[in-house]
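Visitor: Read in order, the letters of the sequence shown are residues 2 to 162 in the numbering used here.
Simulated from the structure, these hints should not be mistaken for laboratory data. Incorrect hints may have been included.
Using 35 Å as the maximum straight-line C-alpha spacing, the simulated DSBU-like pairs for lysine-lysine come out as follows [what the hints assert, rightly or not]:
no.: 1; residue 1: K25; residue 2: K70
no.: 2; residue 1: K133; residue 2: K70
no.: 3; residue 1: K70; residue 2: K123
no.: 4; residue 1: K25; residue 2: K123
no.: 5; residue 1: K4; residue 2: K123
no.: 6; residue 1: K133; residue 2: K25
no.: 7; residue 1: K4; residue 2: K25
Source: prediction; values computed, not measured.
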Amino acid sequence: MNKPDLRDPLQLLAFGFGSGLAPKAPGTFGSLAALACFPLLALLTLPAFLGVVLAAALAGIVICDHAAKALDVHDDGRIVWDEFAGQWLALTPLVPTLAWGPTDLLWLLAGFGLFRIFDIIKPWPISHLDEKVHGGLGIMLDDLVAGVFAGLVLFALRLAF
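Produce the entire structure from the sequences given, and follow the hints as far as they go.
Guide: What follows is the structure in C-alpha coordinates.
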(Lines of atoms letter the chains of each structure in order from A and count residues from 1; the text may use other names and numbers.)
(Lines give C-alpha, C1' and ligand atoms only; values in the text may rest on other atoms or scores of the structure.)
Protein backbone atom coordinates (compact mmCIF):
# COMPACT_ATOMS: atom_id res chain seq x y z
CA MET A 1 0.00 0.00 0.00
CA ASN A 2 1.39 3.37 -1.05
CA LYS A 3 1.09 6.63 0.89
CA PRO A 4 -1.43 9.31 -0.14
CA ASP A 5 0.00 12.24 -2.09
CA LEU A 6 -2.10 15.34 -1.42
CA ARG A 7 -0.04 17.27 -3.99
CA ASP A 8 -1.88 15.21 -6.60
CA PRO A 9 -5.17 17.11 -7.21
CA LEU A 10 -7.16 13.91 -7.80
CA GLN A 11 -5.87 12.35 -4.59
CA LEU A 12 -6.60 15.61 -2.72
CA LEU A 13 -10.22 15.31 -3.85
CA ALA A 14 -10.34 11.54 -3.22
CA PHE A 15 -9.18 12.05 0.36
CA GLY A 16 -11.79 14.75 0.91
CA PHE A 17 -9.25 17.57 1.19
CA GLY A 18 -7.57 15.56 3.96
CA SER A 19 -10.71 14.64 5.91
CA GLY A 20 -10.31 10.99 4.91
CA LEU A 21 -6.91 10.86 6.57
CA ALA A 22 -8.46 10.93 10.06
CA PRO A 23 -6.95 8.06 12.05
CA LYS A 24 -10.38 6.74 13.11
CA ALA A 25 -13.68 6.70 11.18
CA PRO A 26 -12.43 8.36 7.97
CA GLY A 27 -15.81 7.85 6.27
CA THR A 28 -17.55 9.73 9.05
CA PHE A 29 -15.02 12.56 8.83
CA GLY A 30 -15.48 12.63 5.05
CA SER A 31 -19.25 12.87 5.52
CA LEU A 32 -18.75 15.69 8.04
CA ALA A 33 -16.59 17.55 5.52
CA ALA A 34 -19.32 17.07 2.90
CA LEU A 35 -21.86 18.37 5.42
CA ALA A 36 -19.66 21.45 5.96
CA CYS A 37 -19.78 22.16 2.20
CA PHE A 38 -23.55 21.74 2.05
CA PRO A 39 -24.58 25.29 3.11
CA LEU A 40 -22.97 26.71 -0.04
CA LEU A 41 -24.49 24.05 -2.27
CA ALA A 42 -27.92 24.54 -0.69
CA LEU A 43 -27.97 28.09 -2.08
CA LEU A 44 -28.35 26.60 -5.55
CA THR A 45 -31.67 25.83 -7.16
CA LEU A 46 -32.66 22.17 -6.93
CA PRO A 47 -31.77 21.48 -10.61
CA ALA A 48 -28.37 23.17 -10.19
CA PHE A 49 -27.74 21.26 -6.95
CA LEU A 50 -28.57 17.97 -8.66
CA GLY A 51 -26.22 18.94 -11.49
CA VAL A 52 -23.40 19.44 -8.99
CA VAL A 53 -24.15 16.08 -7.35
CA LEU A 54 -24.23 14.36 -10.74
CA ALA A 55 -20.92 15.99 -11.71
CA ALA A 56 -19.39 14.97 -8.36
CA ALA A 57 -20.62 11.41 -8.87
CA LEU A 58 -19.32 11.10 -12.43
CA ALA A 59 -16.01 12.77 -11.60
CA GLY A 60 -15.80 10.56 -8.53
CA ILE A 61 -15.54 7.45 -10.68
CA VAL A 62 -12.29 8.80 -12.12
CA ILE A 63 -11.11 10.41 -8.87
CA CYS A 64 -11.63 7.29 -6.75
CA ASP A 65 -10.24 4.94 -9.39
CA HIS A 66 -7.10 7.10 -9.68
CA ALA A 67 -6.57 7.17 -5.90
CA ALA A 68 -7.20 3.44 -5.50
CA LYS A 69 -4.62 2.68 -8.19
CA ALA A 70 -2.13 5.14 -6.69
CA LEU A 71 -2.52 3.48 -3.27
CA ASP A 72 -2.66 -0.01 -4.78
CA VAL A 73 -5.78 -0.76 -2.69
CA HIS A 74 -9.29 -1.24 -4.17
CA ASP A 75 -11.49 0.67 -1.72
CA ASP A 76 -9.19 2.21 0.84
CA GLY A 77 -11.23 3.69 3.69
CA ARG A 78 -9.33 6.96 3.37
CA ILE A 79 -10.88 7.54 -0.06
CA VAL A 80 -13.94 9.59 0.90
CA TRP A 81 -15.01 11.42 -2.26
CA ASP A 82 -17.77 8.81 -2.47
CA GLU A 83 -18.97 9.98 0.95
CA PHE A 84 -19.13 13.55 -0.34
CA ALA A 85 -21.38 12.65 -3.28
CA GLY A 86 -23.47 10.20 -1.25
CA GLN A 87 -23.93 12.64 1.63
CA TRP A 88 -25.01 15.42 -0.72
CA LEU A 89 -27.46 13.05 -2.38
CA ALA A 90 -28.89 12.13 1.02
CA LEU A 91 -29.45 15.82 1.81
CA THR A 92 -31.25 16.54 -1.48
CA PRO A 93 -34.74 16.66 0.12
CA LEU A 94 -33.59 19.62 2.22
CA VAL A 95 -32.47 21.82 -0.68
CA PRO A 96 -35.84 23.28 -1.75
CA THR A 97 -37.05 24.07 1.78
CA LEU A 98 -34.00 24.88 3.88
CA ALA A 99 -34.51 28.10 5.87
CA TRP A 100 -31.59 27.66 8.32
CA GLY A 101 -33.78 27.71 11.40
CA PRO A 102 -33.12 25.59 14.51
CA THR A 103 -35.22 22.69 13.20
CA ASP A 104 -33.30 22.72 9.92
CA LEU A 105 -30.12 21.93 11.84
CA LEU A 106 -31.88 18.86 13.23
CA TRP A 107 -32.85 17.83 9.69
CA LEU A 108 -29.22 18.23 8.59
CA LEU A 109 -28.08 16.02 11.45
CA ALA A 110 -30.81 13.50 10.59
CA GLY A 111 -29.63 13.43 6.96
CA PHE A 112 -26.05 12.97 8.11
CA GLY A 113 -27.00 10.16 10.50
CA LEU A 114 -29.21 8.37 7.99
CA PHE A 115 -26.47 8.41 5.37
CA ARG A 116 -23.89 7.07 7.82
CA ILE A 117 -26.28 4.28 8.90
CA PHE A 118 -26.94 3.14 5.32
CA ASP A 119 -23.26 3.49 4.38
CA ILE A 120 -22.02 1.51 7.37
CA ILE A 121 -24.71 -1.19 7.59
CA LYS A 122 -24.96 -1.59 3.81
CA PRO A 123 -28.34 -3.33 3.49
CA TRP A 124 -29.09 -5.09 0.21
CA PRO A 125 -28.58 -3.97 -2.59
CA ILE A 126 -25.84 -1.70 -1.22
CA SER A 127 -23.87 -4.69 0.09
CA HIS A 128 -24.24 -6.47 -3.24
CA LEU A 129 -22.92 -3.45 -5.15
CA ASP A 130 -20.06 -3.05 -2.68
CA GLU A 131 -18.99 -6.67 -3.25
CA LYS A 132 -19.61 -7.07 -6.98
CA VAL A 133 -18.78 -3.73 -8.64
CA HIS A 134 -15.10 -2.81 -8.72
CA GLY A 135 -12.92 0.14 -9.65
CA GLY A 136 -13.99 3.75 -9.36
CA LEU A 137 -17.58 2.88 -10.23
CA GLY A 138 -17.73 0.35 -7.41
CA ILE A 139 -16.26 2.78 -4.91
CA MET A 140 -18.85 5.40 -5.84
CA LEU A 141 -21.93 3.27 -6.47
CA ASP A 142 -22.56 1.83 -3.01
CA ASP A 143 -22.35 5.30 -1.44
CA LEU A 144 -24.63 6.82 -4.06
CA VAL A 145 -27.25 4.14 -3.41
CA ALA A 146 -26.82 4.66 0.35
CA GLY A 147 -27.41 8.37 -0.33
CA VAL A 148 -30.58 7.62 -2.28
CA PHE A 149 -31.90 5.37 0.50
CA ALA A 150 -31.05 7.94 3.18
CA GLY A 151 -32.61 10.71 1.08
CA LEU A 152 -35.83 8.73 0.65
CA VAL A 153 -36.10 8.13 4.39
CA LEU A 154 -35.32 11.79 5.09
CA PHE A 155 -37.98 12.85 2.58
CA ALA A 156 -40.55 10.55 4.22
CA LEU A 157 -39.67 11.90 7.66
CA ARG A 158 -40.03 15.48 6.41
CA LEU A 159 -43.49 14.64 5.07
CA ALA A 160 -44.47 12.98 8.35
CA PHE A 161 -43.18 15.77 10.57
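Visitor: For each hint, tell me whether it holds in the structure or not.
Guide: Cross-check of the supplied hints:
Distance check on the hinted pair: K25 and K70 sit about 22 Å apart at the alpha-carbon level, within 35 Å; holds. Annotation: proposed proximity of K133 to K70 holds, straight-line Cα distance about 18 Å (limit 35 Å). At most 35 Å may separate the alpha-carbon atoms for a hinted pair to count; K70 and K123 meet this at roughly 24 Å. Under the criterion of a C-alpha separation no larger than 35 Å, the hint pairing K25 with K123 is consistent with the structure, at around 19 Å.
A threshold of 35 Å between alpha carbons decides the hint, and for K4 with K123 the separation of about 27 Å falls inside it, so the pair holds. With a CA separation close to 26 Å, the supplied pair K133 and K25 stays within the 35 Å bound. Restraint check for K4 and K25: satisfied, since their Cα atoms lie roughly 17 Å apart, inside the 35 Å limit.
When the structure is compared with the earlier hints, no violation turns up for any of them.
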